[in-house]
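Chain D: place on chain Z using the hints.
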Amino acid sequence: MDINQKHRLQGLLLGSLHKITLFLAMSIICIPGLWIVLNSFRPTVEIMAKPPVWIPNELNLDHYRAMFGAAGEGGVPVVQYFTNSLIISVTSTLIAILVGMAGGYAFARFKFKGKTWIFIGLMLTRAVPGVALSLPLFIVMAKTGLIDTHIGLIIVYVAMNVPFTIWLIDGFFRQIPHELAEAAEIDGCTRWQAFWRVEFPVARAGIASAGIFAFLTSWNEYALASQLTRSTFSKTMPVGLRDFTSEFTINWGGMCALAVLMIIPALILTFIVQKHLIAGLTFGGVKG
Amino acid sequence: MPRIKLPTWFVLLLPAIIILASVVLVPLLLSLYSSFTPYRLTRPETLWKWIGTYNYQKAMGDWNFWVAFGRTILLLTVALNLEMILGLGLALLVNRVTYGQRALRTFMMFPMMFSPILVGFQFKFIFNDNVGLVNSALQSLGLSDTAIPWLVDGKLAFFAIVFAETWMSTSVFAILILAGLYAIPSDPMEAAKVDGCTPWQTFRHITLPFIMPFIYIALAIRSLDVARAYDIVQIMTNGGPARRTELLWTLIGRTGYVDAKMGYANAMGYISIILAVFFTVYFFNKLNAARSELGMAG
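Keeping their order, the protein sequence lines are chains Z and D. Mapped onto UniProt numbering, the consecutive letters of the first sequence carry residue numbers 1 to 288. Mapped onto UniProt numbering, the consecutive letters of the second sequence carry residue numbers 1 to 298.
Please note: incorrect hints may appear among the correct ones.
What the hints assert, rightly or not - Here are the simulated distance ranges between beta carbons:
#, chain 1, residue 1, chain 2, residue 2, range
1, D, I274, Z, I55, 51 to 61 Å
2, Z, T190, D, L6, 15 to 25 Å
3, Z, E179, D, F159, 47 to 57 Å
4, D, D145, Z, I120, 52 to 62 Å
5, Z, I151, D, V258, 25 to 35 Å
6, Z, I87, D, I73, 33 to 43 Å
Quick caveat, the hints were computed from the structure, so don't treat them as lab data. Note that the structure is a prediction, hence the values are computed from the model and not measured. Backbone N, C-alpha and C define an ideal beta-carbon position, used for all residues, glycine too.
Here chain D stands alone, though its shape is the one from the complex:
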């Protein structure tokens, strides 16, 4: 029997493909199948009943689902932009420091070491309307004499979640952008100085194009993580008050596990994953475009 010779790249990729196929693909196919059934956790036999696209049609007409969908996009836009701008600012600030930079970088990465569930608990406590740090500080400073119900009021609760999310992840942007700042070659900077560019012009035309690939990498990674945000929201508000902070995955988690409507939850899940696919491909293209501008694609 002739030995089949597999190409080396395939052999090297095989472990990754096997593990991702078995851990992600098989369960995904299972849940794809169940999204076409009225599967309920409490009645396992419902898994064998085929009902076609009923769950999908139901999700399409479900107002709560679309509100959660819109709110997830809102959170994505607000949090990602905030994290990017603040991260850029922080990186520029730290980059200017002449000594003690290593210590500063370690401090800067402090929030990255926190588990999202821990961040959830931490800010649940900090924004507590009775004994929380924020209210205590506001009252001690005399800025407010009543307790502000941060996590009870719908709008404020959304703000609190954005704050927690931004607090946790700004440093991811900052560290990647800082890496980009270190990678800028010094020649164009000096040339700009000789040509009499203002600091703003130097930043706009030299610094920014160089760090764009880093910003897109951070955006790509973070967009995936925010789109599946679950831990923080589940702990801080659990989608409440009265669905005012309901995001896609808290809604899906609740439908699946609390209401036990697994088939329906999976159908909603599949509609949502399209969102993640869109963002991944979008940022991947942006990244490649930014790289080819610098002649680094390939």
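Just chain Z, with the same shape it has in the complex:
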């Protein structure tokens, strides 16, 4: 066998090995989720069947119909949960981005005393577990009448996301050369104008990716939401999942249906933003 042939064979072997490994990895990543999606369309008998039914005989929308149905027939106030989740997540994400932009800009563009320590201090607030915060927060919120309101959860989620948005956005602003804004100021822009016209558009991709992390965090948060919400007026989807559990049994089909409803917005948003995501993270990571 001559050397060319040997190389070609080696390349072919490595190529197929690469494809097989990638396929296996992606299967492990996707199958648990797809199993949930599949189960949401199958009758409960089939989900719980033993021996297992691998290829579904029947697909229907029963679980969805029940979920949207009346309270007595397994229905849960899912539309209300969805609306609550959407209002709370979107509002808190927008505020977290604004606050994070101000903070990130300060860290990236200004020199001041104790910068590292203020930065670490802000990061550490993310280290505090929800369980540790939930009771004192509950007491504070009860005193201010914010229990079971959208505003209460929004404030909490902003606080949860701000350290992270500051960290990422700080990185994106550092990536933009000083000279760019300075040139704009020489041309007669105020600092404010220079920021909006020059620096903001460049950092936009990065800010979008900070936004999606913030959105996913508040969309998926459970521990604090379960403490600070009482009724359908403010309960979010992750808390709503609990409606399908009773003391001894879990309604798997219904839960899967709600789970699918929970994943869809996250999936759509990630798909739209993910093009920017890699570009954004590249900047934020290296120079942050």
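Same frame as chain Z, but now just chain D:
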């Protein structure tokens, strides 16, 4: 009256400081105070009784607390290392793909969209000893003829939790490392090729140093999240069977809310937060060191 002029950086940071102080700091001070009292949820008046460091001494001598402490560190070490290695592998695999990469990246991020509580329920179902996916698959393939009690046996339950945790978060590492791979300039790669480096040498001396900052960012973020792991464990095993998967925060949550011993729970919480402080400062230093090696610190 002269107007006080605050420095711009301070004004810009003010919203962040105000919101973090009011939402995190005030409650934390409240719970710090309560950790010096015998506060019980069922008897609110106990909040006003000062007992000094009694709760802390009790936690120091509490065997269950230290077991949960050790297990949390074990979970941190095992899960973080696994996620890092698998995430690196996945990123390298995806990076080699020439077309359809965007779709692959979206698939890859699939687990990131799952709420931790949903991941908990999902794997509780998948590892169910009776009708779960894992047992069904093993039995259909003839690899096992009895039902394996994944979530009932202590060791297997810990494995199941590590699996769920790793499944959920490997993609966080993969996406950050992939971003790092995209950021590597092409010149040193070409130089290495000209100099006749083996693929392993190129990876070891060029690729790896470049992606180290990304790995440390992911490690820093994830170490904080795993150290406060609660949702998944609470749903899958709730610390059971017989405390075999008890982690710090399931123990603290139970002590605080089920046993209603809030003061004691808060004292344990404060000892645990030290762990998070340690990891944050450690990874922050590592990150800065990795950056200065690349001349990107500052």
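Do the hints match the structure? See the list:
Checking the proposed 51 to 61 Å range against I274 of chain D and I55 of chain Z shows it holds: the Cβ atoms sit about 53 Å from each other. For T190 of chain Z and L6 of chain D, the Cβ-Cβ distance of about 18 Å falls inside the hinted range of 15 to 25 Å, so the restraint holds. Between E179 of chain Z and F159 of chain D the beta carbon distance is about 54 Å. The supplied range of 47 to 57 Å therefore holds. As the Cβ distance of D145 of chain D to I120 of chain Z is approximately 55 Å, the hint placing it in 52 to 62 Å holds.
For I151 of chain Z and V258 of chain D, the Cβ-Cβ distance of about 30 Å falls inside the hinted range of 25 to 35 Å, so the restraint holds. Checked against the given bound of 33 to 43 Å, the beta carbons of I87 of chain Z and I73 of chain D, roughly 39 Å apart, stay inside it.
Violated hints: none; the structure is consistent with every hint.
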